[in-house]
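Asks: Sequence:
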Amino acid sequence: MTRLLHALRRHLVVIAGLLTLAYLVLPNVVVMVFSFNRPNGRFNYTWQRFSLDAWKDPCGVADLCGSLSLSLRIAALATLGATVLGTMIAFALVRYRFRARGAVNSLIFLPMAMPEVVMAASLLTLFLNMGAELGFRTVLIAHIMFCLSFVVTAVKARVMSMDPRLEEAARDLYAGPAQTFLRVTLPIAAPGIAAGALLAFALSFDDFIITNFNAGSTVTFPMFVWGSAQRGTPVQINVIGTAMFAVAVAVVVVGQLVADRRKSRAEK
Numbered sequence: 001m002t003r004l005l006h007a008l009r010r011h012l013v014v015i016a017g018l019l020t021l022a023y024l025v026l027p028n029v030v031v032m033v034f035s036f037n038r039p040n041g042r043f044n045y046t047w048q049r050f051s052l053d054a055w056k057d058p059c060g061v062a063d064l065c066g067s068l069s070l071s072l073r074i075a076a077l078a079t080l081g082a083t084v085l086g087t088m089i090a091f092a093l094v095r096y097r098f099r100a101r102g103a104v105n106s107l108i109f110l111p112m113a114m115p116e117v118v119m120a121a122s123l124l125t126l127f128l129n130m131g132a133e134l135g136f137r138t139v140l141i142a143h144i145m146f147c148l149s150f151v152v153t154a155v156k157a158r159v160m161s162m163d164p165r166l167e168e169a170a171r172d173l174y175a176g177p178a179q180t181f182l183r184v185t186l187p188i189a190a191p192g193i194a195a196g197a198l199l200a201f202a203l204s205f206d207d208f209i210i211t212n213f214n215a216g217s218t219v220t221f222p223m224f225v226w227g228s229a230q231r232g233t234p235v236q237i238n239v240i241g242t243a244m245f246a247v248a249v250a251v252v253v254v255g256q257l258v259a260d261r262r263k264s265r266a267e268k
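Numbering (the UniProt record's numbering), first residue to last: 1 to 268.
A portion of the hints provided could be inaccurate.
Estimated spans, in silico, between C-beta atoms of each pair [as the list claims (entries may be wrong)]: (1) Leu85 - Leu134: 19 to 25 Å; (2) Tyr174 - Phe109: 38 to 44 Å; (3) Pro115 - Ala246: 30 to 36 Å; (4) Ala76 - Gly176: 30 to 36 Å; (5) Ile188 - Phe43: 48 to 54 Å.
Think of the hints as simulated: they come from the structure by calculation, not from any bench.
Positions of the beta carbon are idealized from the N, C-alpha and C atoms, including for glycine.
Using the sequences and the hints, build the whole thing.
Replies: Structure (structure tokens):
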């Protein structure tokens with residue numbers, strides 16, 4: 001009876017895991033399948049017949065690739081700004097003691113706890129009172145602001161887990177502050193920085209609510225997709241979504257391979 005219960009539990013865990021995986025992957029599979037569809041009307045919601053037309057001309061819809069390029073630029077710049085600022089803030093919060101440290105620590109996590117629509121409205125009010133013209137710059141500033149918290153969280157966790165004796169050993173070997181940081185501290189903190197940067201890029205590229213409030217006439221890729229859904233979704237959106245999913249899977253696989261290789265070297 002005990003063995004039967006153990007076997008049943010084991011199978012239930014496997015089944016639950018497979019169902020969860022299917023739940024996560026199924027929407028992406030649907031997007032990939034319908035990227036090969038050729039709908040009769042404007043909406044790509046029902047399967048009609050197989051076609052490679054959208055793959056041959058992914059930019060065949062007006063302004064689609066322009067909005068995609070804009071989103072990639074904003075995400076890249078927001079990631080760069082949030083990663084640099086977030087890394088410095090994380091080191092300051094972990095390594096230094098100052099009066100406002102607790103307040104800064106709490107304020108950093110405020111964007112993560114605040115509803116996105118409230119943050120979007122607050123930023124819009126701020127920009128309008130400053131007389132700023134809504135567009136690329138306001139979107140970029142807004143993205144850096146809400147991505148900052150996630151970078152600080154990732155980097156801070158990594159820095160807190162560092163062994164301070166490694167830096168002490170480097171200083172004992174007459175390494176200067178800059179040399180210690182570049183050759184000891186930064187390589188150890190690099191996984192946390194990379195994780196924060198990837199998260200910031202994904203959040204910035206995918207954001208709709210904050211962007212929609214503060215973009216003015218600027219149209220990013222999520223805004224283009226939302227607008228297209230109101231009047232007809234082109235197949236090219238599925239093509240781009242499939243390509244993005246493939247890139248994300250490739251990044252995860254490469255990252256896992258690199259992590260496994262480092263782990264095997266460390267064990268040797």
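Asks: Now tell me, hint by hint, if it's right for this structure.
Replies: Going through the hints against the structure:
| no. | hint | result |
| --- | --- | --- |
| 1 | Leu85 - Leu134: 19 to 25 Å | 23 Å, holds |
| 2 | Tyr174 - Phe109: 38 to 44 Å | 39 Å, holds |
| 3 | Pro115 - Ala246: 30 to 36 Å | 32 Å, holds |
| 4 | Ala76 - Gly176: 30 to 36 Å | 32 Å, holds |
| 5 | Ile188 - Phe43: 48 to 54 Å | 51 Å, holds |
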